[in-house]
Amino acid sequence: MKHKVLIVDDSAALARQLQNVLAEMDEYEVVGSAADGAQAIKMYKTLNPDVVLMDIVMPMMDGLQSLRTILKLDASAKVVMISSLGGVGSKVEEALRLGAQNVISKPFDKEQIYSVLKKIFESDSRQ
Amino acid sequence: MGIQFFGEFLIERWVITRDQLLEAVELQEYRNTRFGDMAVEKGFITQQQAKQVNERQRVEDLRFGDLAVQMGFMTKDQVRSILTMQKNNHLFLGESLLELGHITDDILERELEFFEEEQKKLADSNVPVPEGIDGSHVVSACMDLTRKMFLRVGGMIIKLGDGHLLPKNDNGNVEQSSDLHVLVSVPIVSGVPVRYILGVSSDIAVQLASNIIGQDATRESEALVEDAVREFCNMVCGNVAARLAKQGFDVDIAPPESLEKMPVSDDVRVVVKYPVRVTSGLVDVRFLALHAAGAET
Chain Z
1 MKHKVLIVDD SAALARQLQN VLAEMDEYEV VGSAADGAQA IKMYKTLNPD
51 VVLMDIVMPM MDGLQSLRTI LKLDASAKVV MISSLGGVGS KVEEALRLGA
101 QNVISKPFDK EQIYSVLKKI FESDSRQ
Chain H
1 MGIQFFGEFL IERWVITRDQ LLEAVELQEY RNTRFGDMAV EKGFITQQQA
51 KQVNERQRVE DLRFGDLAVQ MGFMTKDQVR SILTMQKNNH LFLGESLLEL
101 GHITDDILER ELEFFEEEQK KLADSNVPVP EGIDGSHVVS ACMDLTRKMF
151 LRVGGMIIKL GDGHLLPKND NGNVEQSSDL HVLVSVPIVS GVPVRYILGV
201 SSDIAVQLAS NIIGQDATRE SEALVEDAVR EFCNMVCGNV AARLAKQGFD
251 VDIAPPESLE KMPVSDDVRV VVKYPVRVTS GLVDVRFLAL HAAGAET
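Line by line, the protein sequences give chains Z and H. In this text, residue positions in the first sequence follow my numbering: the first is 1, and each later residue adds one. In this text, residue positions in the second sequence follow my numbering: the first is 1, and each later residue adds one.
Keep in mind that the hints were calculated from the coordinates and are not lab data. All of these numbers come straight from a predicted model, not from anything done at the bench. Careful, some of the hints might be misleading.
[As the list claims (entries may be wrong)] Derived DSS-like pairs (lysine-lysine); straight-line CA-CA distance at most 25 Å:
1. 110(Z) to 261(H)
2. 120(H) to 76(H)
3. 148(H) to 76(H)
4. 119(Z) to 2(Z)
5. 110(Z) to 159(H)
6. 168(H) to 148(H)
7. 91(Z) to 2(Z)
8. 42(H) to 91(Z)
9. 72(Z) to 110(Z)
10. 110(Z) to 42(H)
11. 261(H) to 159(H)
12. 110(Z) to 2(Z)
13. 119(Z) to 91(Z)
14. 120(H) to 91(Z)
15. 76(H) to 42(H)
16. 261(H) to 120(H)
17. 119(Z) to 4(Z)
18. 91(Z) to 159(H)
[Stated by the list, open to error] Just a few of them, taken from the derived set where beta-carbon distance is under 7 Å, the chain Z residues facing chain H:
19. 20
20. 32
21. 33
[Unchecked claim] Here are the computed distance ranges between Cβ atoms for each label pair:
22. 72(Z) to 279(H): 48 to 54 Å
23. 104(H) to 114(Z): 25 to 31 Å
24. 247(H) to 98(Z): 45 to 51 Å
25. 97(Z) to 31(H): 35 to 41 Å
26. 65(Z) to 84(H): 50 to 56 Å
27. 26(Z) to 132(H): 42 to 48 Å
28. 19(Z) to 71(H): 41 to 47 Å
29. 26(Z) to 223(H): 52 to 58 Å
30. 121(H) to 1(Z): 34 to 40 Å
31. 26(Z) to 202(H): 46 to 52 Å
32. 19(H) to 72(Z): 49 to 55 Å
Ideal placement from N, C-alpha and C gives every residue a C-beta, glycine not left out.
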């Protein structure tokens with residue numbers, strides 16, 4: 001069975017890039033794409049994805065606020081943040097403290113996405 | 001891969017877990033004394049003076065020591081001695097992970113080698129900035145990373161000329177500006193505000209979009225192509241923030257926005273323009289900065 005992925009990014013170009021990368025992988029199916037944090041929460045409730053790929057900096061509701069709410073709704077939610085704002089001690093560190101599984105820095109290669117998702121589900125199957 | 005801290009690199013590669021990283025960072029925070037605290041501890045400045053320097057740092061993007069000298073609280077020799085003490089006693093992340101038993105010597109050595117190899121691609125090279133503008137460190141980092149990201153993300157080589165200040169109310173090449181199909185601006189704050197402005201012709205915009213989305217963008221909507229250019233600017237400026245954070249600067253960026261036309265120099269703002277050469281198409285990079293701190297862009 002394919003793992004369901006929810007993409008959250010205010011950039012339509014970035015969302016398309018992620019969709020294209022995931023389309024090359026048999027194990028994943030993109031079930032939805034949200035353009036901000038608030039929409040992501042609504043879609044999380046209805047689509048119940050296995051993993052969320054979410055940008056940190058977004059208008060309306062940013063990725064950190066959305067991450068907090070999603071983890072309140074589902075403490076076992078798997079959320080991977082995507083950011084160009086590298087730097088532990090900043091929003092990246094905050095995302096990890098809040099409970100994000102990992103952070104991928106932009107610009108990314110498709111191999112980075114493959115490897116992070118693979119490890120998330122590998123560690124999940126070991127538990 | 002963008003500019004990263006070593007810890008992010010390690011968790012992205014799953015060499016360590018998120019919790020191990022956070023534990024190691026906590027140990028670093030506990031052991032590594034901040035400049036101001038160390039200066040107070042050594043009796044070079046008072047608590048009150050340290051507080052004044054911290055307050056000043058909110059409006060002036062200088063390191064604690066440089067500001068303390070400027071404010072007459074410390075001598076340059078005292079700053080040097082604190083920096084030496086910090087350097088000698090600093091606990092690096094790798095050492096912290098080793099001490100906590102989260103990594104072994106050989107893995108640390110291997111990962112540091114990979115990390116340095118990866119980060120070399122985006123290593124800092126200085127781009128000269130004309131004198132007389134606030135936030136020159138931001139401008140220099142933006143230009144360097146614009147060049148590198150055009151290659152890394154857009155697959156294009158661009159050549160930069162010398163940056164220069166545009167005369168007051170001069171658009172700096174009006175006929176070229178009209179050929180710029182997409183104009184994007186990103187506000188950056190590092191002490192003083194600076195605006196990064198990128199203009200590209202339609203062929204360059206489509207090429208950037210094609211490379212970002214991973215498919216030919218020729219038939220994609222104008223909105224998607226424009227969005228891709230905004231995202232490109234976001235990557236440039238996000239990586240600028242990451243690079244400057246590594247150098248000890250506190251930098252914040254706002255989401256990119258599209259512009260109708262290029263801004264001009266006026267009484268309080270200056271425009272710095274960098275001539276850019278590309279094999280085909282048009283690229284224009286400018287910065288809107290301040291003559292004097294305190295004015296708004």
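Results for each hint:
no.	hint	in the structure
1	110(Z) to 261(H)	violated (35 Å)
2	120(H) to 76(H)	violated (32 Å)
3	148(H) to 76(H)	violated (36 Å)
4	119(Z) to 2(Z)	holds (15 Å)
5	110(Z) to 159(H)	violated (28 Å)
6	168(H) to 148(H)	violated (30 Å)
7	91(Z) to 2(Z)	violated (31 Å)
8	42(H) to 91(Z)	violated (33 Å)
9	72(Z) to 110(Z)	violated (30 Å)
10	110(Z) to 42(H)	violated (51 Å)
11	261(H) to 159(H)	holds (24 Å)
12	110(Z) to 2(Z)	holds (18 Å)
13	119(Z) to 91(Z)	holds (23 Å)
14	120(H) to 91(Z)	holds (24 Å)
15	76(H) to 42(H)	holds (15 Å)
16	261(H) to 120(H)	violated (36 Å)
17	119(Z) to 4(Z)	holds (15 Å)
18	91(Z) to 159(H)	violated (33 Å)
19	20	holds (4 Å)
20	32	violated (18 Å)
21	33	violated (13 Å)
22	72(Z) to 279(H): 48 to 54 Å	holds (52 Å)
23	104(H) to 114(Z): 25 to 31 Å	holds (26 Å)
24	247(H) to 98(Z): 45 to 51 Å	violated (27 Å)
25	97(Z) to 31(H): 35 to 41 Å	violated (19 Å)
26	65(Z) to 84(H): 50 to 56 Å	violated (42 Å)
27	26(Z) to 132(H): 42 to 48 Å	violated (58 Å)
28	19(Z) to 71(H): 41 to 47 Å	violated (53 Å)
29	26(Z) to 223(H): 52 to 58 Å	violated (31 Å)
30	121(H) to 1(Z): 34 to 40 Å	holds (38 Å)
31	26(Z) to 202(H): 46 to 52 Å	violated (37 Å)
32	19(H) to 72(Z): 49 to 55 Å	violated (20 Å)
Against the hints set out earlier in the document, violations occur for numbers 1, 2, 3, 5, 6, 7, 8, 9, 10, 16, 18, 20, 21, 24, 25, 26, 27, 28, 29, 31 and 32.
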